[in-house]
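Student: Here the sequence shown is numbered in numbering that gives the first Met the number 0, starting from 0 and rising by one per residue.
There may be inaccurate statements among the hints.
Said to hold, decoys possible - DSBU-like mimics (lysine-lysine), calculated; alpha carbons at most 30 Å apart, straight line:
(1) K265 <-> K288
(2) K336 <-> K288
(3) K336 <-> K265
To be verified - FRET-style restraints, in silico, Cβ to Cβ:
(4) T158 <-> E95: 35 to 41 Å
(5) N204 <-> A87: 47 to 53 Å
(6) Q101 <-> E172: 16 to 22 Å
(7) T28 <-> T158: 28 to 34 Å
(8) A210 <-> A249: 20 to 26 Å
(9) G285 <-> E251: 16 to 22 Å
(10) T122 <-> G54: 26 to 32 Å
(11) N204 <-> A236: 38 to 44 Å
(12) E172 <-> N204: 37 to 43 Å
(13) L166 <-> W20: 24 to 30 Å
(14) A210 <-> I184: 40 to 46 Å
Bear in mind the hints are in silico, worked out from the structure with no lab data behind them. Bear in mind that the values here come from a model prediction, so they are computed numbers and not experimental data. Beta carbons: idealized from backbone N, C-alpha and C, even for Gly.
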Amino acid sequence: MLIVSLHGTLPEAGTAGVPEWVHLIPAGTVRGADGRGPYTLRDPAAVIRASMAAGRLPIDENHATDLAMRTGGAAPARGWIVALEARADGIWGRVEWTPAGQALLAERAYRGISPALVVDRATGEVRQLLRAALTNTPNLPQLATLHTTQEQGLPMDLTKLRKALGLAEDADEAALLAAAEAARIAVETQARQLRRIAEAAQVPNPEAADAEQIVTALQTQAAAAADAGQLAREVVALQAQIAALQQERARERAIAAVDAAIRAGKPIPAVLREHYIARHVQDPAGVEKELAALPSLHGGGLGGRVPPPPGAGQAGLGADEAEVVALLGLDPEAFAKEKARLGQIAGAA
Numbered sequence: 000m001l002i003v004s005l006h007g008t009l010p011e012a013g014t015a016g017v018p019e020w021v022h023l024i025p026a027g028t029v030r031g032a033d034g035r036g037p038y039t040l041r042d043p044a045a046v047i048r049a050s051m052a053a054g055r056l057p058i059d060e061n062h063a064t065d066l067a068m069r070t071g072g073a074a075p076a077r078g079w080i081v082a083l084e085a086r087a088d089g090i091w092g093r094v095e096w097t098p099a100g101q102a103l104l105a106e107r108a109y110r111g112i113s114p115a116l117v118v119d120r121a122t123g124e125v126r127q128l129l130r131a132a133l134t135n136t137p138n139l140p141q142l143a144t145l146h147t148t149q150e151q152g153l154p155m156d157l158t159k160l161r162k163a164l165g166l167a168e169d170a171d172e173a174a175l176l177a178a179a180e181a182a183r184i185a186v187e188t189q190a191r192q193l194r195r196i197a198e199a200a201q202v203p204n205p206e207a208a209d210a211e212q213i214v215t216a217l218q219t220q221a222a223a224a225a226d227a228g229q230l231a232r233e234v235v236a237l238q239a240q241i242a243a244l245q246q247e248r249a250r251e252r253a254i255a256a257v258d259a260a261i262r263a264g265k266p267i268p269a270v271l272r273e274h275y276i277a278r279h280v281q282d283p284a285g286v287e288k289e290l291a292a293l294p295s296l297h298g299g300g301l302g303g304r305v306p307p308p309p310g311a312g313q314a315g316l317g318a319d320e321a322e323v324v325a326l327l328g329l330d331p332e333a334f335a336k337e338k339a340r341l342g343q344i345a346g347a348a
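Throw the hints in and build the complete structure from the sequences for me.
Tutor: Now the structure itself:
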């Protein structure tokens with residue numbers, strides 16, 4: 000593609016001295032007086048669509064906008080092209096002039112208009128209107144497209160474009176267009192991915208969120224997760240402490256229950272005390288039921304009397320006692336000794 004500036008004369012001013020419509024692109028094929036061209040307007044409707052896609056177009060003085068791109072100078076707009084219309088003699092534009100632009104035209108400071116166009120390098124077909132300029136050097140009587148004496152319409156520097164797109168120095172226009180399209184798709188894909196990440200990170204207004212906002216949100220969530228992990232560890236430690244306290248209290252209750260049974264005269268030898276305590280910790284109700292079912296040595300009528308010495312019955316045990324010992328699988332001699340000890344304690348009391 001080639002960007003060129005074309006020149007034509009301004010139409011006669013209205014009663015206010017300022018034309019509302021200006022002729023921007025001539026119909027058919029034209030060539031500049033300096034020999035450049037030819038340039039052809041084949042599809043006015045397509046040119047209008049492409050031109051107005053960017054919104055209103057500026058009109059400056061003597062192509063100040065194009066010069067400012069190279070020199071950095073000022074380029075104030077003197078008017079804005081707000082609509083384009085295809086007519087028999089080409090494309091016309093309706094202009095909203097600024098106060099400064101109105102003053103220039105009312106004073107007849109300029110007599111020509113020069114549009115800056117995008118032109119197909121191979122065919123010379125006009126593709127798009129970029130902007131226009133007030134000028135006093137029109138050189139096309141049909142109106143539109145003559146170059147100024149300044150270097151407008153230089154070809155785009157494709158060398159820099161190839162380098163920016165990472166292409167070889169001899170890459171053709173098709174390769175440039177393909178690379179540009181790939182770059183556009185990559186940018187759009189990245190934008191979609193960033194938006195999805197922003198939504199997942201619960202960033203406000205994810206459509207407009209940038210990478211820094213997303214990173215900040217993720218860091219905040221990570222810090223919150225770390226705090227949650229610390230809290231979970233503290234809860235686990237607290238639960239362990241509670242379990243230990245519960246185990247300790249269960250053992251205390253088991254000791255109290257078993258010792259109470261021993262004091263009540265239940266036939267629990269010292270060697271079985273820890274056994275009953277451990278079982279009570281695991282199954283308090285079951286062990287207490289079992290202890291309650293055991294006969295009491297005090298209930299057997301011993302009271303405070305010392306049991307008879309060994310030899311009376313089996314190891315000094317009565318028939319009922321011997322049966323209980325057998326049912327419990329206890330050693331009769333050990334049981335007799337424990338019974339005698341308990342009897343002595345009761346007698347001393």
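Student: Just pull the numbers of the violated hints for me, sorted ascending.
Tutor: 6, 8, 13, 14
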